[in-house]
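In order, the protein sequences belong to chains F and R.
Just so it is clear: in the first sequence, position 171 is 171 by the numbering used here, and no numbers are missing.
Just so it is clear: in the second sequence, position 333 is 1333 by the numbering used here, and no numbers are missing.
Everything labelled a hint here was simulated from the structure, so no lab data went into it.
Incorrect hints may appear among the rest.
Said to hold, decoys possible - Restraint ranges, calculated between C-beta atoms of paired labels, are given here:
no.	chain 1	residue 1	chain 2	residue 2	range
1	R	Leu1230	F	Gly424	53 to 63 Å
2	R	Val1073	F	Ser441	25 to 35 Å
3	F	Asp357	R	Lys1103	50 to 60 Å
4	F	Ser441	R	Phe1205	34 to 44 Å
5	F	Ile235	R	Asp1197	33 to 43 Å
6	F	Ser441	R	Gln1077	13 to 23 Å
To be verified - Restricting the straight-line Cα-Cα distance to at most 27 Å, the calculated cross-link-like pairs of lysine-lysine (DSS-like) are:
no.	chain 1	residue 1	chain 2	residue 2
7	F	Lys197	F	Lys258
8	F	Lys139	F	Lys386
9	F	Lys238	F	Lys152
10	F	Lys269	R	Lys1210
11	R	Lys1300	F	Lys269
12	R	Lys1082	F	Lys152
Virtual Cβ for every residue (Gly too), placed ideally from N, Cα, C.
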Amino acid sequence: MTRKMRGGAILALSATIALLAAGCAGSGSDNPGGGGSPTAAANADAKTITWWHNSNTGEGKDYYDKVAKDFEAQTGVHVEVSAMQHEDMLTKLSAALQSGDPDQIPDVFMSRGGGELKNEVDSGVTRDLTDVAADTISKISAFTGQYTIDGKVYALPFSMGLVGFWYNKDLFAQAGITDVNPAPTIDEFNGYIDKLKAAGITPASVGAGDKWPAAHYWYYNVVRECPFDTVEKAIADKDYSDPCFVKAGDHLEDLVAKQPFNDGFLSTKAQEGPTSASGLLATGKVGMELAGHWEPGVTGGLTADGKVPSFLGWFAYPTFPGQGGDPKDQMGGGDAWEVSTSAPDAAVDFAKYLLSDEVQKGFAELDMGLPTNPAATDSISNETLKQLIPVRDAGGNTQLYLDTRLGSAIGNPLNDAIQQVFAGNPGPQEIVDALQNAADSE
Amino acid sequence: MTDDVTTAAVAASPATSSGPAGPATRASARGAGPALGGRRRSGAAAWRKRAEITFFVAPALVLFFMFVVWPIVTAVQISMFKWKGIGPLVDFVGLQNYVSVLKNTLFTDALTHNLIIVVVSIAVQLPLGLGIALLLNRKMWGQGLLRTLIFVPYVLSEVVAGVVWRQLLVPDYGGIDAIARALHIPTPQQGFLGTPDIALWTVLFVLTWKYLGLAVILFLAGLQGVPEDLYEAAQLDGASWWQVQRKITVPLLGPTLRTWAFLSMIGSLQVFDMVWILTGGGPVGRTSTMATFLIYQGTKSQAFGIASAASVILFVIALVLAVLYQQLILRRDTHPDQPRRKAKR
Chain F
1 MTRKMRGGAI LALSATIALL AAGCAGSGSD NPGGGGSPTA AANADAKTIT WWHNSNTGEG
61 KDYYDKVAKD FEAQTGVHVE VSAMQHEDML TKLSAALQSG DPDQIPDVFM SRGGGELKNE
121 VDSGVTRDLT DVAADTISKI SAFTGQYTID GKVYALPFSM GLVGFWYNKD LFAQAGITDV
181 NPAPTIDEFN GYIDKLKAAG ITPASVGAGD KWPAAHYWYY NVVRECPFDT VEKAIADKDY
241 SDPCFVKAGD HLEDLVAKQP FNDGFLSTKA QEGPTSASGL LATGKVGMEL AGHWEPGVTG
301 GLTADGKVPS FLGWFAYPTF PGQGGDPKDQ MGGGDAWEVS TSAPDAAVDF AKYLLSDEVQ
361 KGFAELDMGL PTNPAATDSI SNETLKQLIP VRDAGGNTQL YLDTRLGSAI GNPLNDAIQQ
421 VFAGNPGPQE IVDALQNAAD SE
Chain R
1001 MTDDVTTAAV AASPATSSGP AGPATRASAR GAGPALGGRR RSGAAAWRKR AEITFFVAPA
1061 LVLFFMFVVW PIVTAVQISM FKWKGIGPLV DFVGLQNYVS VLKNTLFTDA LTHNLIIVVV
1121 SIAVQLPLGL GIALLLNRKM WGQGLLRTLI FVPYVLSEVV AGVVWRQLLV PDYGGIDAIA
1181 RALHIPTPQQ GFLGTPDIAL WTVLFVLTWK YLGLAVILFL AGLQGVPEDL YEAAQLDGAS
1241 WWQVQRKITV PLLGPTLRTW AFLSMIGSLQ VFDMVWILTG GGPVGRTSTM ATFLIYQGTK
1301 SQAFGIASAA SVILFVIALV LAVLYQQLIL RRDTHPDQPR RKAKR
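Excised from the complex, chain F in its bound form (with noise of 0.2 Å):
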């Protein structure tokens, strides 16, 4: 009895122990503070360097395989590539940022600027890349001020598009308007609102429930409303007094009362399925949508051969009459690469050969998005998307989503009022309160 006892004792401690050095090394690794030596990765082995993307799929992944090959034929370093599918990518990239720990971060990964980018530059996870990229920043340098934090750029964009109206050239027949302005006022487009309306189309879809589509707006009627420098100013000082983002409220309220929206546009998703705004837009159910350089590839999965619909067509935000921000400025965002602190030079040769004429025409070729570097802008195959890029370069300022330019902890609440207004409560104050009292407490 004793001797069986003993046994299973020794069996016992054996498992406490083992748990034991598990949780060690699991609250080892876990630990926050990030403390990590970053040179020890860096020497660890410059022939080898981590790129996260998350062109997972089809055409744009076989791409960017060859692109890693070929910089690896050119210089001998090695390029180790995840694709991942977007949102599984930002989640895994945040976890690894969190960590702190320099082999689990990324050498070059994909950044999306704003907030996000400056909480990387704060935490020192992300390399200055003015002096050891001057050349390539040169050449892109009407996109990089997104990326720019006291005159330093962390990030090289290699893709910039605008947000506008997406509209189905057949309902728009089909109701009247022949003449599409590329660059309407409000009240010619209020006219489109109205002969959609007679004719029976709903209007315009947006993804409410999901908020940001519906703050697109909002975001709009400030770029139209507000000069450009008062947003900047405004962002700097934290001071969102100047009466224009209470007009670009007022503009709001004014378009929700026209009742353009499908129904059920606040519980409506933006993307997910065939009764999403996009979806919607796609399956032919409603005139238009506000949406990004994006939506050619989204309709495309949306639809029921996969394709991008014929019918698709372009015109860019209303502006509005004796407004305070420049004609020409849009709203856009885009996607930049970044280069770890932890990450050899190697890294940034990578990042700058992504930038390069040679990868951003292959880039441009395959739709894959709007190329920054200017040698590579022709290269676009798709129509439609070809129509954003004079848009996009006639000199205006771009400012980019104001919930991803201002971070979340800011953009979130600022949404969340934005909704208020769709739902029907009054609000254009109430929007700017909101901003101001994120803004105070940052």
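Mind docking chain R on chain F? Use the hints.
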């Protein structure tokens, strides 16, 4: 978080209860032997007993600390900092996060929604579930099929059920609106999930649909425990069906009802999946719960300090309610010989 507590408590309890029992019996058996140097011997035995207890409890304790205590401590620690999820914890703010959570109307609204869900779940599912269980307990045609049908929603994954209901409730294009159109019943323009005043009730309807099966199955199981001879005796005394249910079935079902209500209460406080999928807490926050609030703050707003503070508050509320319920209501089931019960008799 509370889920962890219950699982850990379940995991820990067999070890703690069986641990001391074994060695104790052995020790007393040994004590009955010849008393040679009794004092020292018994001292050594007690030490050994303690060592043995420690030893056998250790694995469970390690797991408990790793998966319950450590996460709670970490959450409390993070709740004292302003932390965006990257970099070290440096910006210590003390209890400020708790103040801003409790002052935030989004959180107090979410708390109110949770309390509504707790009360409505019990108030609706208890009579409904009991009624169905009593009906299904009678011998009748298709009994097995009916029981299965009632239980199926509970078996479905919450995510699957949520997605299906979401699709059904899509305005204009969903199944519910199609049926309403056929019957010429008007439906809200913003849909059942998009109209601020209706959304929470729609969510409650889906939750009831989902969890009624559990109540019915538990009550049916409880009914099997009511002795048949009591019914026979009642029949002999000429009691009506209604009297039998009221005087025999329901009182004897008490422990089952109380346990079910406890599970329902804790579940309602933590409700997350279904709400997240159906509405994401919207429209305009009218269906948010404490869990959706803290997930939104943590994963979407990168306000990990605020999210941790909210999670600690949710934990405390659930813990306090659980302990109170245990002490005031469940005690009569777990400790039937306690004075309280005796005094009542």
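Going through the hints against the structure:
1. R:Leu1230 / F:Gly424: 53 to 63 Å: holds, 59 Å
2. R:Val1073 / F:Ser441: 25 to 35 Å: holds, 27 Å
3. F:Asp357 / R:Lys1103: 50 to 60 Å: holds, 55 Å
4. F:Ser441 / R:Phe1205: 34 to 44 Å: holds, 37 Å
5. F:Ile235 / R:Asp1197: 33 to 43 Å: 36 Å Cβ-Cβ, so the 33 to 43 Å window holds.
6. F:Ser441 / R:Gln1077: 13 to 23 Å: holds, 21 Å
7. F:Lys197 / F:Lys258: holds, 10 Å
8. F:Lys139 / F:Lys386: Holds - the C-alpha atoms of Lys386 (chain F) and Lys139 (chain F) are around 20 Å apart, at most 27 Å.
9. F:Lys238 / F:Lys152: holds, 21 Å
10. F:Lys269 / R:Lys1210: Holds, at about 24 Å.
11. R:Lys1300 / F:Lys269: Satisfied, since the Cα-Cα distance of roughly 16 Å is no more than 27 Å.
12. R:Lys1082 / F:Lys152: OK: Lys1082 (chain R) and Lys152 (chain F) at ~26 Å, within 27 Å.
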